[in-house]
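Please construct the entire structure, taking both the sequences and the accompanying hints into account.
For the record, the sequence lines run as chains H and Y.
Under my numbering, the residue at position 111 of the first sequence is numbered 111, and the numbers go up by one with no gaps.
Just add 462 to the spot in the second sequence (first one is 1) and you have my numbering.
Careful: at least some of the hints might be erroneous.
Unchecked claim - Using 20 Å as the maximum straight-line C-alpha spacing, the simulated EDC-like pairs for lysine to aspartate or glutamate come out as follows:
#1 H:Lys161 <-> H:Glu275
#2 H:Lys225 <-> Y:Asp733
#3 Y:Lys1140 <-> Y:Glu604
#4 H:Lys243 <-> H:Asp198
#5 Y:Lys1140 <-> H:Glu87
#6 H:Lys225 <-> Y:Glu692
#7 H:Lys90 <-> Y:Glu493
#8 H:Lys90 <-> Y:Glu487
#9 Y:Lys974 <-> Y:Glu692
Everything labelled a hint here was simulated from the structure, so no lab data went into it.
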Amino acid sequence: MRASIDFLLNGERVSLAAEDPTRTLLTWLRESRRLVGTKEGCAEGDCGACTVVLAERDAGGGLSYQPANSCILFLGALDGREVITVEALKRGSTLHPAQQAMVDCHGSQCGFCTPGFVMALYAHYKDERHELGDALAGNLCRCTGYQPILAAGARMQELRKDESAENSARAARLAALPDESTLIRTSNQRLFAPTSIDELAAYLVEHPRATILAGGTDLGLAVTKAHRDLDDVVYIGRVAELKAIQTGDPLQIGAAVALAEAHAHLGAIHADIGELLRRFGGAQVRACGTLAGNVANGSPIGDSMPVLLALNAELELQRGSQRRVVPLSGFYSGYRKSVLQPGEFIRSVRVPPLEPGARFAAYKLSKRFDQDISGVCAAFHVGVDGTTRFGFGGMAATPARARHAEAAYSGGIEAACSALAQDFKPLSDQRASAWYRLTAAQNLLRKFHARVAPRALLELEA
Amino acid sequence: MKPERLPNWENSGGVHEALAHDSAELHVSGEARYVDDLAEPPGTLYASLGMSSETCAEVRAIDLDPVRRAPGVVAVVAAGDIPGRNNVGPVIADEPVFATDRVEFRGQPLFAVAATSMELARRAARLARVDYRPLEPVITIEQALAKGQFVLPTLKIGRGERRPAGSAMRLAGKLRCGGQEHFYLEGQVALAIPGERDEMQLYSSTQHPTEIQHLAAAALDVPDAAVTVELRRLGGGFGGKETQAAVYAIAAALLARATGRPVKLRADRDDDIVGTGKRHDFLYEYDAGFDEAGRIEALDLMLASRCGISADLSGAVNDRAVFHCDNAYFLPNLRITSHRCKTNTVSNTAFRGFGGPQGMFAIEGVIAAIARRLGLDPLDVRLRNLYGDAPRSVTHYGMTLRDNVLPELLAELETRSDYRARRARINQWNVSHALIKRGMALTPVKFGIAYTATQMNQGGALVHLYTDGSVHLNHGGTEMGQGLFIKVAQIVAEEFSIDIARVHITATSTGKVPNTSPTAASSGTDINGEAARAACRTLKERLAGYCAGAYGVKPEQVLFAANEVRIGNAKRLEFAQLVREAYQARVSLSATGYWRTPEIHFDRNAFQGEPFYYFAYGAAVSEVAIDTLTGESRLLRADLLHDVGRSLNPAIDRGQIEGGFIQGMGWLTMEELVWDAKGALLTHAPSTYKIPVASDCPPQFNVWLWERGQNVRDVAYRSKAVGEPPLMLALSVFHAIYDAVGSTRASRDPVPLEAPATPENILRALHALAH
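See the structure below:
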């Protein structure tokens, strides 16, 4: 058992034993290491100004490079990874292609968002899984109107250099980091980062009030905005069993699997799910945030739950050595409340495949298409036998099925739309009014019925 | 093409070149230093503001003991601890630094606390026990109008005798547009370092260092001369750091004075959004009389804006709305009533365009309604109402347009954007598609350049020459990303005919150039560039005078070209050699420069005069699609043609045009400020307040500088101000959505679409039109 957080910072080995493990990476970089190139824009993971890149070894023995919002990333979650900041990119007086391209294309004006954009571009340069626009959707710029930054994304590829030697050296450094469980105690806090599920289960039985930390994309705000003291934290990001994805029927997504990693598997079930996850947070949030975390957090506007409800997904729960499986539709007992017992945790999300011949669609309505939180989110499933499952977010205190509308659907689309008003009495808030939520929810059902794809508007050309 | 240069005598980096931003390499490498990045002196404390949790209340008592006792706390200051004036009001002294017996908006500062860490300061700031007696707040424009509650007396102006009732056609209605949060990426921040005796060095992220200096000196009760405000760059301003930076700088200065230690105050983003003013939202009522071709014959217009608790800059903002409610159109008979409503919300302030966008929003809404009533293409109605030859060339405030390029520019954009053919295709699409509708609009912009407060139209600069031939450049403008510093450096390089690499750009400081105007009103390059040019000319005269004496030529035979100086026909000196010789000859190598905008004048009482030096023009065509079931919209294509005169730096200018357009699109589409009925701002973070991201850019985005552009005024090498005008090109996006919504119903009623055109507002307009 270790008693330190061990990671790499720009190639340098760091071992922290006395730092509060829920201190954010950003404050540590800026205040303790005087690395002030990384900026604070919002301290809630919504602007990308603080973007750093996290490198780690992936399951296939290669390296993964992911962008992350350092403002809400706890030091405890760095264990076993390398943090790459903007200061590390320039070699002597030579800018990295991601930097040079931004200069060439006039991609900076006030420059405050620029280090974050450079790091998002750098992550994309290292790991081009998504389109450039998606790679940049987690970064806000108020000056440029983005044209020159998008141009820089293309220009960067023309400047591409061979970095294989650097990658190999990094892989070797990462492999040399210790990987046994670690328990950090400071005057204020305790953080346990087990590497096996048995240790995790035993610890949670002993410490049922401990806060489970996975990606921290929501929990981070408890520290930066609510100024809460999280005195007992369990970090599950090093538990091998929870980082696994098992394909098959059902698809099992471990509780520590990041949304970015689950994306391709879930997107394979139906294109609409891929599209919904594309619009889930920014790349930085998807790289850290987990599917199980979204579910466990239980926000009524969490974007994954309507889809999971429509697919009839289940959760595998564990307490001590006891496991049980509950349907997601029975998981929530109230606003941000669930049937999880003290000491119990989500082990995996089990997603069945789409039945052959079933009709499915998922829609998200928000003020901004990308990186926004839903006003209304809906997923519809109609099996060949006529069974209906309509999952909704933003319509009630929890994500929920529309049971009346489901039952009424066989009687026609308008009957189902009327029944939806029995299912939900939504609230008015800053995202949408009750009128809009209900009207738009009914209209989404009509769109599903009329087989209108969610991307119909996005794919239009002038 | 370079003026005033000899053939084959090139230096690099003069005017009209598309140079990169001077800090571009520092931005991308993370080496550019903002206020929060500066090395902190030992013993620096961190501060936080204690803010009101009530919207409108009498403050019976404030108990700050729990704050003082909190871990890490070193000092607390409230109103009673201010040695001098408790005021941040820039024009009228009507807003305190710290509230005393009454709070007027939720988030109003009550006190400030300094502690040994930022976290401890922020935690302590929440511990005050305040005894409030809540009073009934006034939140909306309608509530303020009903109560007759204003921050300034209502303005009424007009010209012409004819009223709308005298026209063949008449239309009346209401319009509304929302406000806008600046969302500069770098939040409000200040670092105060106490010096000897009463001196205070302030590093502040501000567009108006002089005002910070004056307000901080008044609060500290020390002479202005004891306070120096300095900054190298801001991480975005957009008007949000003109007056709004003051409270943070003053609070830091007060705590620094109280403790004798350096104090940094950096606002948390949520506190920043709650605590700082925004673009004013407006409500309008219009009554228009027009002929059957759509020409406006008479217009009555009421504008009412939400100003918040104090006047701040609301007088000038609303005046600019009044100046621009004609946009590009001749309005022969016009009556305007402008209400500046007082509400229990944060005091609204400058924001790129400064009321101009809101003025234009009104008239463009009227034009669109008229076009709909007459069944005409709105473009034709716009063209028919444009300013033209006398007598159709005089604005409602008595200024004659001498540089109106819009008829020409609009014709060119109509052609380049293929407007008429696309209009036909869109109509065709809308006939054959029930769910997704398309719309398009071409809107012009005419924007007056100069501060309407005439005394502010002056700039200063300070230029030193060193004996190695390098140049120290300083002026009163601030760099917030707009490229001001590189443009002024280009002017200096051009004047001396030296490589721009020799020009060293330095931080703005009230100690170097005093009594500066804010970097605002798009005027930064004009006033500071011309001031720097004047300083260069003074130095060149001295150098030429030296050459004349030393080499026996006339001063006019001394020619600066390509890093050299030609003295008569025979002698050449490298620039640095000349400077060294001049030093040896005891020639002063430091000069100030000064410029004031000539010829402008304005009589506020009569609301008549020539308040603007010239106008900037542009136009845009936007095409959108909307989903009629959800109200979602998407910008498919935008074509922008903008007049920057002879561009000083086409790369910088293009950046201003594109960036301004997207920012304006955000204002009119997705950016929505929501207050609840009790006056709490619900959209106080990027999770709830959405500015555009990269994917909101149109897939087809054509941006052209107007090649024939030429400022009629001899200023800044005949370039034109570009900071604000392009924002208003985004009115074309709103009106394209208006057009798409209107296509769903053949009625001739106006489309009841409010800005921002969020999915919800679009769906509401669709429903209202259908029922």
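Hints, one by one, checked against the model:
| no. | hint | in the structure |
| --- | --- | --- |
| 1 | H:Lys161 <-> H:Glu275 | violated, 32 Å |
| 2 | H:Lys225 <-> Y:Asp733 | holds, 10 Å |
| 3 | Y:Lys1140 <-> Y:Glu604 | holds, 15 Å |
| 4 | H:Lys243 <-> H:Asp198 | holds, 14 Å |
| 5 | Y:Lys1140 <-> H:Glu87 | violated, 46 Å |
| 6 | H:Lys225 <-> Y:Glu692 | violated, 30 Å |
| 7 | H:Lys90 <-> Y:Glu493 | holds, 11 Å |
| 8 | H:Lys90 <-> Y:Glu487 | holds, 10 Å |
| 9 | Y:Lys974 <-> Y:Glu692 | holds, 10 Å |
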